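2 protein chains.
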Amino acid sequence: MAVYTDVAADELAEFLGDYDIGELLSYKGIAEGVENSNFLLHTSKGSFFLTLYEKRVAVGDLPFFLGLMEHLASHGIVCPQPVKTRSGGMLGTLAGRPAAIIDFLEGVWPRKPNAAHCAAVGQVLAKLHLAGRDFPMTRANALSVPGWRPLFDQAASRADTLQHGLRQLMSDELDQLENSWPTDLPVGIIHADAFPDNVLFLGDRLSGLIDFYFACRDILAYDVAICLNAWCFEPDHSFNVTKARAFLGAYGRERRLSEAEQDALPLLARGAALRILLTRLVDWFNVPPGAMVRPKDPLEYVRKLRFQQGVAGFRDYGVEIPGLPA
Amino acid sequence: MAVYTDVAADELAEFLGDYDIGELLSYKGIAEGVENSNFLLHTSKGSFFLTLYEKRVAVGDLPFFLGLMEHLASHGIVCPQPVKTRSGGMLGTLAGRPAAIIDFLEGVWPRKPNAAHCAAVGQVLAKLHLAGRDFPMTRANALSVPGWRPLFDQAASRADTLQHGLRQLMSDELDQLENSWPTDLPVGIIHADAFPDNVLFLGDRLSGLIDFYFACRDILAYDVAICLNAWCFEPDHSFNVTKARAFLGAYGRERRLSEAEQDALPLLARGAALRILLTRLVDWFNVPPGAMVRPKDPLEYVRKLRFQQGVAGFRDYGVEIPGLPA
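Going line by line, the protein sequences match chains A and B.
Okay, so the first sequence: first residue is 106 according to the working numbering, each after it adds one.
Okay, so the second sequence: first residue is 106 according to the working numbering, each after it adds one.
Don't take each hint at face value.
One copy or any two copies: either way a pair holds, since identical chains are not told apart in the list.
[Unchecked claim] Here are the simulated DSS-like cross-link-like pairs (lysine-lysine), alpha carbons at most 27 Å apart as the crow flies:
no., residue 1, residue 2
1, Lys150, Lys217
2, Lys160, Lys217
3, Lys232, Lys401
4, Lys232, Lys217
5, Lys150, Lys232
What the hints contain is simulated information worked out from the structure, not anything from laboratory work.
On a predicted model such as this, the values are computed, not experimentally measured, just so you know.
Make the full structure from the sequences, and use the hints.
As structure tokens, then:
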């Protein structure tokens, strides 16, 4: 939820002069997105999305993000495409920031996802993993296991002020994950942030996968684990087996999870929970003045982590494995 | 800059069922407006504005605000109109708040107003004052002179932490204004908040006067004074006589300021400056946690107040008075 940088109308009009998207009619700062400043533009040719990349985004990564959106769209993934300037560029400068125009996709993100939403997410995530295979660029996951301990060190001393015992819980979990994180699972392009607020729907139909600014190359099943945590729990923090079955089933119909991936999923889901817990905790203790960001609740992910610690195997997610008795 | 209340898609769709505005395609929380939660909706029939009225707005005042918008639009003032439900209502309930749909007007608000903008504002303000004459509802100005001392009392003890001597400046000014505020000037419906971010333009053409949530019955020339402060100063706080001449000239061509109004304008402008200074100061010291509001700079209005204290008469604003030597 952010507009860090305001843009003057004349600056914006000048910036838009490089694009063939018509005359500017209006622009409104959008209360969405934590990393960047986002505006919804109306022009005489339609609606567009303007993003100003703030300092938390590495400028060098932008061609990867924008190129990936273009690649995925060309492979039938419903996602916004960068709009090119008359000279073919995808990235400009506005108000002193790198800036890009992308398609505005209609759709609403589901505040209360149902099983049909979960299935649609499973399907698009698998399609993304498949489509990513021939994407020529790469980007390391800055927030994979080696990135977690620095986050832990930032938040550890204050963790118990939020919940008694939280520091020890995270410390033990981090030790275990650092020692047992799998190294032999299939890797590829992952979205890494396909939370409900990044998946748009019109009814039950998925109308857009958005916000690729965490996308990177990492373990494909880790992306599945992130979504399992993000989509398959209820507001009361209970795990919803029906949603998990819908999500994993739809994923598996597009791209079958190998046995090794299935076996690793509970561990990957613990990692996915810890990673979100850590970044939320750091954000919780470091809301920048004037950032107008309402930090997300870290404790939601403590509960998810505890749940995943108790999962004995893939079958606990409610998915029947062919060949085994139900 | 605010979205205090999030709205679930299914709740919104149900709410929209009472309106004949098509199918919901998307809605985005808008980083504009300090008092309420605002969303830009796209439907199959176009763009609309959804406002959820938060607790700082008195529910009993909403029929006045919405009725005024409808009245002004019917009198040729370019402003949004409330969209009526199928049963003719203008006000519903969404997410536990009173809520209304109004027209979305294209246009951008001028970050750097020029003299043409100022003239357009002068013209529309005068037209509003004339059109308000046959509006049958009324609303007292809760933030006129009697409302200032309670604000002063809230902020006084901390005022000098912001600028040395500020408490005394405000105290003296308040004493003077309470004793000399005019009681015999023409009154009527005023906008009371026609700041640049509430006036939309397409090029130099005014495309919408918005945000009527401070509108009330008060001294008409006080509205002129508010705009003089809001539109006719430069970012470096210098008074721009060219803009003042454009603004006051355009106003006067629609509705001539009487001599009494002209004579009172410097005093009214001091009051207008003090009123904004006081509310900004209270907001500065009371940013509610999680409100995601960046408070506006009170000191801007200290400078404007000091300027207005030094104005000897109407002619200091750069306007030539017929019959007097230039």
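Against the structure, the hints:
no.	hint	verdict
1	Lys150 to Lys217	between (33 Å within a copy, 26 Å between copies)
2	Lys160 to Lys217	between (32 Å within a copy, 26 Å between copies)
3	Lys232 to Lys401	neither (29 Å within a copy, 47 Å between copies)
4	Lys232 to Lys217	within (24 Å within a copy, 47 Å between copies)
5	Lys150 to Lys232	neither (30 Å within a copy, 33 Å between copies)
Checked against the numbered hints given earlier, the structure breaks hints 3 and 5 and satisfies all the rest.
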